[in-house]
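Enquirer: The lines below spell out each chain.
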Amino acid sequence: MRNTIGYAAVVGQVVVLAAGAPLLTGWMRQVRARLEGRAGAGVLQPWRDTRKLLRKEPITPVGTGPAFRAAPALLVATTVVAGALVPLLSTDTPVSGHADLIVVVALVSLGTLALALAGLDTGTAFGGMGASREMTVASLVEPTLLLSVFALSIPAGTTNVPAIVSGAIHSPARLASPAGLLAVAALAVAVLAETSRIPVDNPSTHLELTMIHEAMVLEYAGPDLALVELGAQMRLTLLLGLLSSLFVPWGIATGLSWTSLVVAAVLFAVKVAVLGAVLAAAEVFWAKVRLFRVPELLAGSFLLALLAVTASYFLNGAS
Amino acid sequence: MPYLSHGAALLLTAPVAAPLVVAAACALPHARMPRPAAVRSHDRLPSVPAAEPFPAQPRHRHPADWAGLVPPVVIVLCGSLLAVDVLGAGPVSACSGLLRADALTAWMLLVVGSVALIACGAAPGYLAGERAAGRASARTGWHYQVLVQSFLAAMCLAVLTANLGVLWVAIEATTIVTAFLVGHRRTRTSVEAAWKYVVICSAGIALAFLGTVLLYYAARQAGIAEAWALDWPTLAAHADRLDPSVTRLGITLVILGFGAKAGLIPLHAWLPDAHSQAPAPVSALMSGVLLSVAFAAILRYRAIADAALGADFTRVLLAGIALLTLALAAGLLLGQRDYKRMLAYSSMEHMSLIALGAAIGSPLALSAVLLHIAGHGLAKSAAFCASGRILHLTGTSRIGRVNGLLARAPSVGGVFGFAVVALLAFPPFSLFASELGIARAGFTAGTVLAWVTSAALLLVLTAFAALAARTARMLLGPAPTAAGSPGATEPGIWPLALGLTACAALGVGLGPLTDLLHAAAQAIGDR
Amino acid sequence: MSAGLYTQLLDLACGAFLLAAVLVLWGRELAAIVRVFALQGVALAAVGLLLGAHEARWDLILVALAVGVLRAGVLPYLIRRALAVSAADRGSDEVRETQPLVNVAASLLTAALLTLLAYAVARPLTELNPTPATRALPVGLAVVLIGFFVLVTRRRALAQVVGFLLLDNGITATAFLATSGVPVIVELGVSFDVLLAVLVLQILTTRVREAFGTTDIDDLRELHD
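Protein chains in written order, with the UniProt record's numbering: chain A, 1 to 319; chain B, 1 to 527; chain C, 1 to 225.
Quick caveat, the hints were computed from the structure, so don't treat them as lab data. For each residue, glycine too, the CB sits at the ideal point set by N, CA and C. Careful, some of the hints might be misleading.
Stated by the list, open to error - Which residues of chain B face chain C? A partial, calculated answer using Cβ under 7 angstroms:
| no. | residue |
| --- | --- |
| 1 | Thr-13 |
| 2 | Val-169 |
| 3 | Ile-176 |
| 4 | Arg-188 |
| 5 | Glu-192 |
| 6 | Ala-206 |
| 7 | Leu-210 |
| 8 | Arg-220 |
| 9 | Ala-225 |
| 10 | Thr-234 |
| 11 | His-238 |
| 12 | Arg-241 |
| 13 | Val-246 |
| 14 | Asp-273 |
| 15 | Leu-328 |
| 16 | Leu-332 |
Stated by the list, open to error - Not close to chain C: a few residues of chain A, all C-beta gaps over 12 angstroms, as computed:
| no. | residue |
| --- | --- |
| 17 | Asp-92 |
| 18 | Ala-176 |
| 19 | Ala-273 |
| 20 | Ala-305 |
To be verified - Here are some, though not all, of the chain C residues that point toward chain B, as calculated from beta-carbon distances under 8 angstroms:
| no. | residue |
| --- | --- |
| 21 | Leu-109 |
| 22 | Asn-129 |
| 23 | Thr-179 |
| 24 | Gly-189 |
| 25 | Ala-197 |
| 26 | Leu-204 |
| 27 | Ala-211 |
| 28 | Leu-220 |
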């Protein structure tokens, strides 16, 4: 029984992630459309796009190697594994013992790396440009991700993500400290950069010179493109979910019961939907920053994360 | 136990009050006067002589110029009376311990007073020259008086206070007061010098304040009451109770910070610029006493640090700073083309020798340091005042364009020559005795310090060669034919000659000052 | 005020204080920098007020209020006035720090290093008397270092003034956190000196602009050897 519910929670997390990701993207586009005074294509549009792409015949450019072909699957696979580990619905699953912070960040960056390699593999100008830009961004984002979660792990005394989350549920004062506030700011910027959103990248741009993520995947078509899109959407959902789990942890199941799991699933959907709506609304009012100022933004968020770590390490008298 | 009396309170407050009173007296008559528009435009465009009435005026005496001589006299008088008091009955204090005089205070007051006497005595001549050149108006005249007198007051306060916080406030006040004196000409170079001066000195001095705060923290943690935790005698007496690591950090910051004001590396960059752009009497004051007042603050802190940390810490720090500063000054003297900057680098050279003496720290070395402070103050102020006169005569500050000074203006050239000879530490001037004292103390203080001292002497020799060659070039040679009629008697040359005589007299024998010098060295030496 | 709440509020004020210094480093518009600097003054006053309230010392509360008025009111007002004159005189080019000597991303990373350095340097200070206030001491030192960095790397005259004031704010914060403030007479003298220094620098800024036609300090290179 115990294992059943645990495995059900893991499967639930993956299913919610995979099925919910296109819906979240559709929801964000819809919110954005309404704020801009358009009718919008509906929440289900990303699913329809995926279905259309999957029906097409698989096609790869001449001269591309295994890196290009393996990247979409690798992207989705790493995201699925990370989704199974991160406590989106429950902190007490059979795999939660392995859900180390460093493993999660490594999985996320493995997906990024796969895509960047694929971009290089095509040998086109835009692919290489996008890959180099993506790696520039990633080199500043990964440490920020690590550090900001690390700031939260110091009061918990462990880098195990489920333990951090359940610790925060039991003593919410940890989150209102300066360290917590700095960490949330840093993590928010890092998530925006990692998921290629405004102000770092524009997901709906068609101007190749300003693209980062889109430039890398220009050569994909058919089912491969569907996988890449799905992978990107799942990463957005995963990171927003991680953000909400770390800083608004209430409602996540800490015990083993079906009801708490269902409640957690509903609350997760609500939290991520609210976050997505806020993000979409912000994107209406923000402009993308110039590419040359992106490192500034990321360096700033890195600094915030570092300050969060030092603050939580020193001010709490851990020394 | 310090004794209190009304007489002592008067002696302690007079050196600060007298310049302030004169400054106020100079400022008040002008405070209500509306600024005439013509004067303003005159200030900004100094090179329109014909339109202005000033050059046409006959050179009448400006009585306010001579009022500036009163405060230095008061300072010297108070210094001597305090010296007698201190030698007779130990340190005196007033104003609930804020003001305090020991032998070092009396010695520094005497130095400040006599250098100020030289500078203020040369000021009327300098101002007359500026007026003749159309670079000064009545307004700049009283501005100058107010600022110089406030400058003197701030330096006296820095010397007289026993509270390390007030000491900091006074030294920072000197920066603020002299900023406009450095930038008085409003040309590109002088504005640049003023900006660098204020920014570097304020930032450096801010570090010193951080160090003071840390020492205060250490003192409070050592159980010293709030009212006495910044009091120098208390801190020096209880220094062994201070936490060593906090004190180490604080002292390092203090030495770097006040070192900025004393022209020591690493925050020395303002010194040559400010000294070359300020009016000559102000350069004399800055080089002659401001640097040593800041260094006297370092000497006070050194006494605390040695008691708290042992002598090695400040020894390594000061010796390192001294050698680096000396190397830099000697190197830049070699390629120098501007004689005011040359004098400024020579100040850095002498300050680093003083720092070396403080690093050695034996009673002989400390006596030599104090004597060097006095001798350098007298000789350097004479040199700077004479350089101001040379600038008036020749209109240039380039060494290459000045020659035949001795033939052209024998009195000015002679004073400048003797001042440089004194700075080169030739006997009978007192700098000879003090440099010899520092070297002797260095060679007897252990192997490492002996090596440091020999390196320093080598660098001093380099500086000596550079300074001597350049000065000889300026002084000797035939007078340029185009030069105007040589002034038969130079106005305002007597204070410079008097200062050089005093410097030589100090070198021949200290006379009644011997006891004071030894008492002063003992006050900041090991207990 | 309970001990936990006091610690929490003190940490929050110190965090805001440090964050303001970082934002000064981040910003390019001088007007925005001055606004952030004023906010930092408020945070500094809050630190003093919290300490004063915690130790029930009225003199400290008064000093904190005076510091707040000076750092959050008077000094920003002075800089803003100089800025307005600059902008009216020379156009919008004068009110932006367009090209600092070290670019913004690198300066932010340097600030991170400086913060770590401050923590390393402050260890003996904290160990001497570990209380919530002294544990926040590295914040003061970090702001001192960041202020020094701004002073060295910024090219606009007014940005350098802000750097100097950051340095000073950091020192005042250190004094508050280490010893609940230096004696009142010293604090008064220091505040007065800082005010005068800013006035002097403001006037010098005007003269620099008159003499050089710009407030770019990099153009000040006539005096050298």
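Enquirer: Each hint needs a verdict: does it hold in this structure or not?
Expert: Do the hints match the structure? See the list:
The interface hint given for Thr-13 (chain B) is violated, since its Cβ lies 16 angstroms from the closest Cβ of chain C, which is over the 7 angstroms cut-off. Checking Val-169 (chain B) against chain C: minimum C-beta separation of about 3 angstroms stays under 7 angstroms; hint holds. At its closest, the beta carbon of Ile-176 (chain B) sits 5 angstroms from a beta carbon of chain C; the interface hint therefore holds under the 7 angstroms criterion. Hint status for Arg-188 (chain B): holds, given a least beta-carbon distance of 5 angstroms to chain C, under 7 angstroms.
Interface restraint check: Glu-192 (chain B) against chain C, minimum CB-CB distance 4 angstroms, threshold 7 angstroms, status holds. Look at Ala-206 (chain B): its Cβ gets to within about 5 angstroms of chain C, closer than 7 angstroms, so that hint holds up. For Leu-210 (chain B), the suggested interface contact is upheld, since its CB lies about 5 angstroms from the closest CB of chain C, less than 7 angstroms. At a threshold of 7 angstroms, the smallest CB-CB gap from Arg-220 (chain B) to chain C is about 5 angstroms, leaving the interface hint in force.
This hint is violated: Ala-225 (chain B) has a C-beta 11 angstroms from the nearest C-beta of chain C, more than the 7 angstroms allowed. At a threshold of 7 angstroms, the smallest CB-CB gap from Thr-234 (chain B) to chain C is about 13 angstroms, leaving the interface hint violated. Taking 7 angstroms as the C-beta contact cut-off toward chain C, the hint placing His-238 (chain B) at the interface is violated, the least distance being around 16 angstroms. With a cut of 7 angstroms, the hint placing Arg-241 (chain B) at the interface with chain C is violated, because the nearest CB-to-CB distance is about 12 angstroms.
Hint status for Val-246 (chain B) relative to chain C: holds, with the closest Cβ pair at about 6 angstroms, below 7 angstroms. Against a cut-off of 7 angstroms between C-beta atoms, the interface hint on Asp-273 (chain B) holds, since the closest Cβ of chain C lies about 5 angstroms away. Violation of the interface hint for Leu-328 (chain B) is found here, the shortest Cβ-Cβ separation to chain C being roughly 10 angstroms, above the 7 angstroms cut-off. At a threshold of 7 angstroms, the smallest CB-CB gap from Leu-332 (chain B) to chain C is about 5 angstroms, leaving the interface hint in force.
The beta carbon of Asp-92 (chain A) is kept farther than 12 angstroms from every beta carbon of chain C, the shortest such distance being approximately 30 angstroms. Under the 12 angstroms C-beta cut-off, the non-interface status given to Ala-176 (chain A) relative to chain C is violated; the minimum distance is some 7 angstroms. With a cut of 12 angstroms on Cβ distances, Ala-273 (chain A) stays outside the contact zone with chain C, its closest approach being about 30 angstroms. With a closest Cβ-Cβ approach of about 9 angstroms to chain C, Ala-305 (chain A) is found to fall inside the 12 angstroms limit, against its non-interface label.
Because the smallest distance between the Cβ of Leu-109 (chain C) and any Cβ of chain B comes to about 23 angstroms, over 8 angstroms, the interface hint for this residue is violated. For Asn-129 (chain C), the shortest C-beta to C-beta distance to chain B is roughly 5 angstroms, which falls under 8 angstroms, so the interface hint holds. This hint holds: Thr-179 (chain C) has a C-beta 5 angstroms from the nearest C-beta of chain B, less than the 8 angstroms allowed. A least Cβ separation of about 3 angstroms between Gly-189 (chain C) and chain B falls short of the 8 angstroms threshold, and the interface hint therefore holds.
The beta carbon of Ala-197 (chain C) comes within 5 angstroms of a beta carbon in chain B, closer than 8 angstroms, and the hint placing it at the interface holds. Against a cut-off of 8 angstroms between C-beta atoms, the interface hint on Leu-204 (chain C) holds, since the closest Cβ of chain B lies about 5 angstroms away. The closest approach between the C-beta of Ala-211 (chain C) and any C-beta of chain B is roughly 5 angstroms, which is under the 8 angstroms cut-off, so the hint is satisfied. Look at Leu-220 (chain C): its Cβ gets to within about 4 angstroms of chain B, closer than 8 angstroms, so that hint holds up.
Consistency note: the structure conflicts with the earlier hints numbered 1, 9, 10, 11, 12, 15, 18, 20, 21.
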